[in-house]
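So the sequences go chain by chain: A and B. Anchor point for the first sequence: position 361 equals 549 in our numbering, and the numbering is continuous, going up by one each time. Anchor point for the second sequence: position 81 equals 269 in our numbering, and the numbering is continuous, going up by one each time.
Please note that a few of the clues may not be correct.
Residues on chain A that point at chain B, a partial pick, calculated with CB under 8 Å [stated by the list, open to error]:
# : residue
1 : Asp-446
2 : Met-542
3 : Gly-543
4 : Arg-581
5 : Leu-584
6 : Ala-589
7 : Met-613
8 : Ala-615
Here are a few chain B residues that sit away from chain A, every Cβ distance over 10 Å (derived from the structure) [to be verified]:
#  : residue
9  : Met-189
10 : Phe-202
11 : Arg-248
12 : Gly-254
13 : Leu-268
14 : Ile-406
15 : Pro-427
16 : Gly-436
17 : Gln-464
18 : Arg-478
Hint data in this document are derived by calculation from the structure and do not stem from the laboratory. For each residue, glycine too, the CB sits at the ideal point set by N, CA and C.
There are 2 protein chains.
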Amino acid sequence: MLNIRRLSANAEGFREELDRLLAWETVSNGSVNDIVTEVVNNVRANGDAALLEYTAKFDRLTLKTGAELEIPKARLQEALERIPADQRDSLQLSADRVRAYHEKQIQNSWSYEEADGTMLGQQVTPLDSVGLYVPGGKAAYPSSVIMNAIPAKVAGVEKLIMVVPTPDGEVNDMVLAAAAICNVDAVFTLGGAQAVAALAYGTETVPAVDKIVGPGNIFVATAKRMVYGTVGIDMIAGPSEILVYCDGQTNPDWIAVDLFSQAEHDEDAQSILVTQDADFAEKVYESMNRLLPTMPRQEIIRKALDDRGAIIVVDNEEQAIEMINVIAPEHLELSVDDPKALLPKIRHAGAIFMGRYTAEAIGDYCAGPNHVLPTSRTARFSSPLGVYDFQKRSSLIMCSAEGANTLGKVAGILADGEGLQAHAMSARFRVTD
Amino acid sequence: MLNIRRLSANAEGFREELDRLLAWETVSNGSVNDIVTEVVNNVRANGDAALLEYTAKFDRLTLKTGAELEIPKARLQEALERIPADQRDSLQLSADRVRAYHEKQIQNSWSYEEADGTMLGQQVTPLDSVGLYVPGGKAAYPSSVIMNAIPAKVAGVEKLIMVVPTPDGEVNDMVLAAAAICNVDAVFTLGGAQAVAALAYGTETVPAVDKIVGPGNIFVATAKRMVYGTVGIDMIAGPSEILVYCDGQTNPDWIAVDLFSQAEHDEDAQSILVTQDADFAEKVYESMNRLLPTMPRQEIIRKALDDRGAIIVVDNEEQAIEMINVIAPEHLELSVDDPKALLPKIRHAGAIFMGRYTAEAIGDYCAGPNHVLPTSRTARFSSPLGVYDFQKRSSLIMCSAEGANTLGKVAGILADGEGLQAHAMSARFRVTD
Numbered sequence: 189m190l191n192i193r194r195l196s197a198n199a200e201g202f203r204e205e206l207d208r209l210l211a212w213e214t215v216s217n218g219s220v221n222d223i224v225t226e227v228v229n230n231v232r233a234n235g236d237a238a239l240l241e242y243t244a245k246f247d248r249l250t251l252k253t254g255a256e257l258e259i260p261k262a263r264l265q266e267a268l269e270r271i272p273a274d275q276r277d278s279l280q281l282s283a284d285r286v287r288a289y290h291e292k293q294i295q296n297s298w299s300y301e302e303a304d305g306t307m308l309g310q311q312v313t314p315l316d317s318v319g320l321y322v323p324g325g326k327a328a329y330p331s332s333v334i335m336n337a338i339p340a341k342v343a344g345v346e347k348l349i350m351v352v353p354t355p356d357g358e359v360n361d362m363v364l365a366a367a368a369i370c371n372v373d374a375v376f377t378l379g380g381a382q383a384v385a386a387l388a389y390g391t392e393t394v395p396a397v398d399k400i401v402g403p404g405n406i407f408v409a410t411a412k413r414m415v416y417g418t419v420g421i422d423m424i425a426g427p428s429e430i431l432v433y434c435d436g437q438t439n440p441d442w443i444a445v446d447l448f449s450q451a452e453h454d455e456d457a458q459s460i461l462v463t464q465d466a467d468f469a470e471k472v473y474e475s476m477n478r479l480l481p482t483m484p485r486q487e488i489i490r491k492a493l494d495d496r497g498a499i500i501v502v503d504n505e506e507q508a509i510e511m512i513n514v515i516a517p518e519h520l521e522l523s524v525d526d527p528k529a530l531l532p533k534i535r536h537a538g539a540i541f542m543g544r545y546t547a548e549a550i551g552d553y554c555a556g557p558n559h560v561l562p563t564s565r566t567a568r569f570s571s572p573l574g575v576y577d578f579q580k581r582s583s584l585i586m587c588s589a590e591g592a593n594t595l596g597k598v599a600g601i602l603a604d605g606e607g608l609q610a611h612a613m614s615a616r617f618r619v620t621d
Numbered sequence: 189m190l191n192i193r194r195l196s197a198n199a200e201g202f203r204e205e206l207d208r209l210l211a212w213e214t215v216s217n218g219s220v221n222d223i224v225t226e227v228v229n230n231v232r233a234n235g236d237a238a239l240l241e242y243t244a245k246f247d248r249l250t251l252k253t254g255a256e257l258e259i260p261k262a263r264l265q266e267a268l269e270r271i272p273a274d275q276r277d278s279l280q281l282s283a284d285r286v287r288a289y290h291e292k293q294i295q296n297s298w299s300y301e302e303a304d305g306t307m308l309g310q311q312v313t314p315l316d317s318v319g320l321y322v323p324g325g326k327a328a329y330p331s332s333v334i335m336n337a338i339p340a341k342v343a344g345v346e347k348l349i350m351v352v353p354t355p356d357g358e359v360n361d362m363v364l365a366a367a368a369i370c371n372v373d374a375v376f377t378l379g380g381a382q383a384v385a386a387l388a389y390g391t392e393t394v395p396a397v398d399k400i401v402g403p404g405n406i407f408v409a410t411a412k413r414m415v416y417g418t419v420g421i422d423m424i425a426g427p428s429e430i431l432v433y434c435d436g437q438t439n440p441d442w443i444a445v446d447l448f449s450q451a452e453h454d455e456d457a458q459s460i461l462v463t464q465d466a467d468f469a470e471k472v473y474e475s476m477n478r479l480l481p482t483m484p485r486q487e488i489i490r491k492a493l494d495d496r497g498a499i500i501v502v503d504n505e506e507q508a509i510e511m512i513n514v515i516a517p518e519h520l521e522l523s524v525d526d527p528k529a530l531l532p533k534i535r536h537a538g539a540i541f542m543g544r545y546t547a548e549a550i551g552d553y554c555a556g557p558n559h560v561l562p563t564s565r566t567a568r569f570s571s572p573l574g575v576y577d578f579q580k581r582s583s584l585i586m587c588s589a590e591g592a593n594t595l596g597k598v599a600g601i602l603a604d605g606e607g608l609q610a611h612a613m614s615a616r617f618r619v620t621d
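Can you build the whole structure from these sequences, using the hints too?
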């Protein structure tokens, strides 16, 4: 039997138990830091030579020249033609839908002119170049290529460089096919901290980029933190989470497997059911126990649910929503009759899956919105990956002579108040009356 | 005589010299880290008691209770009434203009429905609460209150908590007046790493917030890095920079003082003039030497210009623009006849000051756009502080039965391809044909 926590929101000590359940802090590990520092410094200093050394050491792939690190574009196209037709069609449909959704996120430049002729505005431009890290080997995820590459391309990024390790020569054709579909500009067989360092600083073969995105293990995450500032990075994700809120009227088997689908990611993943129907909670628990043995990844699912999962019974919808806003989940499933009515009350969630038909898994692959989402309660202050992460803004200010005359006086007074006299003088040079 | 670098873009070794000039890396300091770790942990564990202890120790301000840390709202209003009328009017005009500009940045929720009834969209919501750090003492900047507080309020943040230390009882009335004008919700006399820790974790008196913004010294910056993840933070800024591009037709005195206005911030600030007119470069150099002795902050200006400044003579406009895009300056002044014609070629800059009348100082105080801008070449991938930094997005997905049927099949195929069978099953439960 599953040993998942079964809690009542009204029980004494519930809030403390919830806090413990949600607590997640990445412990920084000194030895990981030391290794990554050495790798990053070596790649920065020695370029391709260091990349060849680490690729031989960590991926057991021996190459003679930097040029061999590149996976030719023809190879991507080959992969696309080689994979089964249903996979190819599904990848293509996913890419098309993700593109259509993300096109709505494009931000445009704007400006306006004031009465005295002064112009103010904002110029929006794409990043010049972006690096996309894709984990390699058997657990490679083509969906991750689509979710990271498409927003960058929709934003207008001209140089999108992908790195994916091929440990022991393990090449994932679906990943290469996804790169072909997304028009990635170049792919290098590189992984780990060395790949991140190459993208941040550039080598003879690998071009330096302006921002690095994509998931990776602790070495990749540590390297990304280290090069942040030299380049931009996306958020460093914690374990995946789902909160399913159900009014008790959805098939309990559906809900059980929705919870499994988060739990199967890894043993630290978190699945929480919130419902006001205690009998339904019991039924979902029964479904879980019955269906678990049919799951190939049952060991991971069991550990995740036992260690970090919960079934929480609340009094009513209001209490459920309070719970949602405290937990600020990465994925929120509203398995209820009228989910639209709840939206105005939901303050924090990465993505909201509405109604009984919207399995979270559909969002992972092909609904359209991004599957890179804020974890560990960071939905309180951050957003899904989007086109906006690959665009940047420059403020525009163009004073007319009259505008400079008016504003120069004001700036002068405030600059004097702050004791910055060169500021004041610079503004007052443009004051004419 | 000023010992500022005078370079020609065509000289041998120019690009290496430029790289050295632009290089800036914050060296992390072990002892600062140790102190900040101790302060943050102490505040997290002991709340108000720790705050009172550090405030007595670092700010030489002895208070008996946590409640005394709050500066009452009446005190803010008093400050607003006490400051000179021209300062009050200038602060008000600045706040009004900054508000008008930032209102154009508000992003709204959107959604669309597909043919089969599936709805996709994005819900945009303000952050619940934000902490604003304001440095204290004599070098306090009321403009910084306006630039950080107004975008948060325009975004709809309901709880905006300001912290400002009052070392040796030094209270800056203009700062408090700015807080009154910006409708800051509460102000605490707190500074340093202890203030950041209080905002991140909350104490009996200080509420925990979701994001912390605002400038500070190395202790504040280190504490912000440390609590990042628990709360959001804004960028950690490097030294301020300006690049003035002038065609040679602007009064050289104006350009000289524009360069001074960056340099007076601090000794690490960077001022660079780029021009195709070698005679003009010489005239600006003469102006600088003549005007420097009139500047109260001349020692800081001299050191900044000598250590990190440069006058660069280029061949033509094209080369100037290449220089701009390599340097990706925080502030870019285009002191030319037709700056609008250059905009499409400018790929990276925090803010662009266009034409001969637009002193950078006007943007610092009252033009409207934000003065919190990306430094150290990070304009390649980041943006001015804006309303978008205080809003966040949740993806919306609501499948119709028909949509779930179509998309469930696709998700199933892709999930199988990634070896995630619970994902596949969860999607296929909603497939009906």
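Going down the list of hints, with the structure as the test:
no.	hint	in the structure
1	Asp-446	5 Å, holds
2	Met-542	4 Å, holds
3	Gly-543	5 Å, holds
4	Arg-581	4 Å, holds
5	Leu-584	5 Å, holds
6	Ala-589	6 Å, holds
7	Met-613	5 Å, holds
8	Ala-615	4 Å, holds
9	Met-189	19 Å, holds
10	Phe-202	20 Å, holds
11	Arg-248	22 Å, holds
12	Gly-254	22 Å, holds
13	Leu-268	13 Å, holds
14	Ile-406	15 Å, holds
15	Pro-427	13 Å, holds
16	Gly-436	17 Å, holds
17	Gln-464	21 Å, holds
18	Arg-478	13 Å, holds
Checked against the numbered hints above, the structure violates none of them.
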